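Could you build the full structure based on these sequences and the hints that come with them?
Residues per chain, in single letters:
Protein chains: 2
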Amino acid sequence: MAAQSALREKPIGVFDSGIGGLTVVRALRELLPNESIFYLGDTARVPYGGKSAPTVERYSLEITAMLLAEDCKTVVVACNTASALALPQLEATTPVPITGVIRPGAQAAVGATRNGHIGVIGTRATIKSGAYERALLALDPAVRISARACPLFVPLIEEGWLQGEITDQIVRQYLAPLVADGVDTLVLGCTHYPLLREAIGQFLGDTVRLVDSAQNCATAVAHLLEKKDLRADPGSSGQLAVALTDPPDAFLDVALKALQLEIGEVQLREVIHLTR
Amino acid sequence: MAAQSALREKPIGVFDSGIGGLTVVRALRELLPNESIFYLGDTARVPYGGKSAPTVERYSLEITAMLLAEDCKTVVVACNTASALALPQLEATTPVPITGVIRPGAQAAVGATRNGHIGVIGTRATIKSGAYERALLALDPAVRISARACPLFVPLIEEGWLQGEITDQIVRQYLAPLVADGVDTLVLGCTHYPLLREAIGQFLGDTVRLVDSAQNCATAVAHLLEKKDLRADPGSSGQLAVALTDPPDAFLDVALKALQLEIGEVQLREVIHLTR
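Chains as they are written, first to last, in the numbering used here: chain A, 1 to 276; chain B, 1 to 276.
FYI, nobody ran anything at the bench for these hints, they're computed from the structure.
A quick note: this is a predicted structure, and the numbers were derived from the prediction, not measured.
Glycine is no exception: its CB is placed at the ideal position from the N, C-alpha and C atoms.
Watch out, some of these pointers could steer you wrong.
Straight line, CA to CA, 30 Å or less: simulated DSSO-like cross-link-like pairs of lysine-lysine [unchecked claim]: (1) 257(A) <-> 128(B); (2) 10(B) <-> 257(B); (3) 10(B) <-> 228(B); (4) 73(B) <-> 228(B); (5) 257(A) <-> 10(A); (6) 257(B) <-> 128(A).
Every beta carbon over 12 Å from chain B, so not counted as near; a handful from chain A, in silico [as the list claims (entries may be wrong)]: (7) 9; (8) 18; (9) 143.
As C-alpha cells, then:
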C-alpha cells in the first residue's frame, strides 16, 4: 500500500522535558539507523522532575500535540517523569502508538536481577509516582524494590561535572543506602543519568548491574515498529532534527559531545497551550 | 484622600520563579511589619535561571499581570534573573511602581567595598545578562567586577543540603576563583543564596563582605512606599499570603523553617498566558 509505505518514512517523534532524552535518541540511532527522528525538548519549562502530576500531564499532552503537528508516525516519551505521570493519558488521547521508558526499563531490570532486589533512582516526581514499583511488581510480584530520588544528578550533569570529587561524593550520598539495602540491579530511571554512568559504575563496582532505560526504550521502539509495520525502508537515510522550546545553552554541547551525536541547526518551537 | 488611604492598605505583590523569593518576604516582614504581602511563586515553570531572555521576560510579564489581578499596590521582583532580564519591560508596561533586586544590591556593594573589587554570583541567565556589571558601573565606573554563575547552588538549597562536606566543596569550587581574583565584597545575586549564607561565610572568612540582595531590596521597597505615600497605616496588621502556580513540594517547608516564616494555606493559581 502506498499509504503505509509513505507512513513508514515519517519520523519517530521523541520528547523530553529538556536535553536528557538525547540519550534515547543516541540509542535509537544505533539500533535504527534508517529511521528519521524529530526530537522536541521542552527547555522553556524544564525540568519536569520536581513538578506536580497534573502539570507534568498537561505539559506532556502539549508537547505530544506538537509532535503530531510534525507528522510523526509514533511518539517516544524519552522522559521518565512524563512516562511515570502522563503515559495513560497520552495513550488514551493520541492517535499514534506511544512508547515510554518505564516498562522497558522494568523488563530489563527483572531480567537482570539475580537476588530479586532492584534499586530505582530518578527525579522526585518519578520516584514519588511509584510508577517503577508498579511496573516491576506487575512483571514479578516477588521482587523487592529500593527507590530513591536523586534531584542533584540532573543539575550536576547539566553543569558538565560528569566526573570528579564532588560528583563522586554526591553519587555516594545518594547510592550508599541502596547498596546497604542489598540491591544487585540499579535502574537509571532518568534519561539524563546514563551521562553519569561512569561515576555511578565506579562507585558500585561489578556487583550491581546498571539498567539504562534509554537502551531498553530503543529496543521497545524497534519491536513496536516491526509489529505495526512501521519500519522505514532499509535504504532510507535516517535524518535527525532537534527542536527546543527555548534556545539551547551550553548543556546541549556537553550532551552532544558525550553522546557523539551530530545534529544540524537547532530549531525553535513555541509551546502550544491546550485549552482545558 | 479616601482613595489614597484605601490604596495604602493594599498588599505588596512579590514574585519569584519559585520559593527563593521568600528571603525577600522575610526581609520585608522584618522591616515593614504593617504591610500585607501577596507572594506568587511560578513553581510550574521554575527555574528561570537557565532560560533565555525572551522566555524570562514573557514569564515575568505574565506573573506581574497575575499580581495586578490580586490588586497589589506595588510589585517587587524578588528574583534576580527576572530583575536582570525583564525589569525595563515590566517598568514600561505596569501601572504600579516596580522594585527589582539588582539596583539595591549594586548600591549596597558599592558602599561596602574598600578595594573596589566586587564579586557577583548568580544563575547562568543573571550572570550572562551582565545586569549587575551595568548597575555597578553606573554607580561607580572605577569598580572592578568578577562574576560567576553557580548553577548548582539552587538545586543544592532545594535539596536542603545547606551544610556539610558536599556543600562546602561546591562552595569552594565556585568561589575560590573569585577569592583568587581579589574581591573584598560578594553580591549574593540570587534570592535563594542567603540560605547558603553560613556555608559561604565559612569559606570566605571575615575578609569578604557579603551583600544580600534580599535585605537591600526590602530597604528599597520601604523608601519607595514612603516616597509614593503608599505606606500602610501603622496600626495595620500585615498579612502574608503565599500562592504558587504548582502545588508545593518539600522545599517550601525547608525554606519556611530556615526563614522562620509562618504562612496559612498555600493558594494555587493558574498561569495566565498573555497573547503575543
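Discussion item. Of the numbered hints stated earlier in the document, which are not met by this structure?
Written reply: Result: hint 8 breaks, nothing else.
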